[in-house]
Amino acid sequence: MVFNNTDWVWQVREDVLEPEREIVDPHHHLWPSKDMGYQVPDLLADLTSGHNVVQTVFMECGAAYRKDGPDYLKPIGETVFVTDSAAEMKAKGGPYIAALVAHADLRLPLEQLDEVLDGHVEASKGLFRGIRHAGSRDVSGATLRIPGHAPPRLYAEADFRRGVQHLGERGFTYDTWHYHHQNRDYLDLAKACPDTTMILDHFGTPIGVGPFEGKRDEIFETWKDDMAAIAECPNVHAKIGGLAMPDNGFGWDKRDIPPTSDEVVVQHERWYDHMIKCFGPERCMFESNFPVDRWSLNYVVYWNAMKKIAAKYPEEAKAAMFAGTARKVYSVEA
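Start counting the sequence shown at 1; every next residue gets the next number (my numbering).
Mixed in with the good hints, there may be bad ones.
[Said to hold, decoys possible] Distance ranges between label pairs, derived from CB positions: (1) Glu-232 with Glu-315: 23 to 33 Å; (2) Asn-4 with Ala-134: 22 to 32 Å; (3) Gly-210 with Glu-315: 35 to 45 Å; (4) Glu-157 with Pro-314: 37 to 47 Å; (5) Pro-314 with Asp-118: 35 to 45 Å; (6) Glu-232 with Val-12: 33 to 43 Å; (7) Glu-88 with Arg-270: 33 to 43 Å; (8) Lys-312 with Glu-221: 20 to 30 Å; (9) Ser-33 with Pro-70: 34 to 44 Å; (10) Glu-315 with Lys-191: 25 to 35 Å; (11) Ser-49 with Ala-91: 18 to 28 Å; (12) Ala-91 with Glu-221: 46 to 56 Å; (13) Glu-269 with Lys-67: 18 to 28 Å; (14) Thr-48 with Trp-8: 18 to 28 Å.
[To be verified] Restricting the straight-line Cα-Cα distance to at most 25 Å, the calculated cross-link-like pairs of lysine-lysine (PhoX-like) are: (15) Lys-92 with Lys-125; (16) Lys-254 with Lys-215; (17) Lys-277 with Lys-318; (18) Lys-308 with Lys-277; (19) Lys-277 with Lys-312; (20) Lys-277 with Lys-125; (21) Lys-125 with Lys-74; (22) Lys-308 with Lys-318; (23) Lys-308 with Lys-328; (24) Lys-318 with Lys-328.
In short, the hints are calculated from the structure, not lab data. Cβ atoms here follow ideal geometry from the backbone N, Cα and C, with glycine treated the same way.
Based on the sequences and whatever the hints tell you, model everything.
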């Protein structure tokens, strides 16, 4: 992944809507390699581009793993990297990383899983909140920009379910990312782990490329039923964002000029409204998914679009979706 598209993405300039509204961005990444093009200065440039983003939650992305030692402990290297980045940001006095979600193989024997979890706790200096072990795996033959590599039917594996349950027993959260045709498998997982706080990322990623191109309305109808069923599980919360990834098929990343916030609203509003209807604002949180969604739009445009979508909702609902839900789920103090 390379995110050095600054000149392209900032061709669209918009006035910031509701510049005083407090935002906690609960989903972004960092990569230490200069080739990747998204380090602390890049993140801060987005966070301080106009919207009132005060805190963030880092989401694991396979960065800065340890180069030696047992494979199952290597993800702790990412936590060290992010904790150092968080300290660097906090020292600047502006927006900062207030919590992080790391990676662990949840199929590990519990003794080893606890070793990884304890390692994250120690390395994070109070920032560690949970694990993302994504279930994303597409077998449709679509050529995806960000292909998931999970084993088929990961959510159904007994060892994996035991690991998700163990997170709940220890008071940690479970995040995941998968594709729309895996939603029913996720529903079964959520039912099997009722005591674990679970967060579904990116709407369950409705694919819009390959064999799914041109089928958005058909997928939307099935997806609506899937989300309504998942929302019946009170332990599941929803991150509503990530629809601007290239694999969603809106094609903005291929244009000469990226979209405006009005264009985003036209294409995305029905997806957001359905999630909010099903889960309620108290279980929904807007997420930027940067820099991945920056392949399609800039940070000001994204949050302007969210504010336009949220305009129809009461103030209490807005406060929850822009900050309150994220703080509640990830135990972030204001």
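Item to check | Status of the given 23 to 33 Å range, CB of Glu-315 versus CB of Glu-232 | outcome: holds, 27 Å
Item to check | Range hint compliance [Cβ, Ser-49 to Ala-91, 18 to 28 Å] | outcome: holds, 20 Å
Checklist entry - Has the given pair, Lys-92 with Lys-125, been kept, meaning a C-alpha gap of at most 25 Å? => result holds, 18 Å
Checklist entry - Does the alpha-carbon distance linking Lys-125 and Lys-74 stay inside the 25 Å limit? => result Holds: Lys-125 and Lys-74 sit about 18 Å apart, inside 25 Å.
Item to check | Given hint Lys-328 paired with Lys-308 - CA-CA distance at most 25 Å | outcome: Since the Cα atoms of Lys-308 and Lys-328 sit roughly 24 Å apart, the hinted pair holds (cutoff 25 Å).
Checklist entry - Going straight from one Cα to the other, do Lys-318 and Lys-328 come out at no more than 25 Å? => result holds, 14 Å
Next on the checklist: What's the verdict on Lys-308 and Lys-277, does the C-alpha distance respect the 25 Å limit or exceed it?
Outcome noted: Given pair Lys-308, Lys-277 holds - Cα atoms ~17 Å apart, limit 25 Å.
Next on the checklist: Range first: 22 to 32 Å. Now tell me if the beta carbons of Asn-4 and Ala-134 are that far apart.
Outcome noted: Given a distance of about 25 Å, which is inside 22 to 32 Å, the answer is holds.
Checklist entry - Using the C-beta atoms of Glu-315 and Lys-191, is the stated range 25 to 35 Å upheld? => result Taking Cβ atoms as reference, Glu-315 and Lys-191 lie about 34 Å apart, which means the hint holds.
Next on the checklist: Hinted pair, alpha-carbon criterion (25 Å max): Lys-277, Lys-318. Please report holds or violated.
Outcome noted: holds, 13 Å
Checklist entry - Taking the CB of Glu-157 and the CB of Pro-314, does the distance hold inside 37 to 47 Å? => result holds, 42 Å
Next on the checklist: Next pair to validate is Lys-308 with Lys-318; report whether the Cα-Cα distance is within 25 Å.
Outcome noted: Roughly 11 Å separates the two Cα atoms, so the pair holds.
The structure shown violates the earlier hints numbered 9, 13 and 20.
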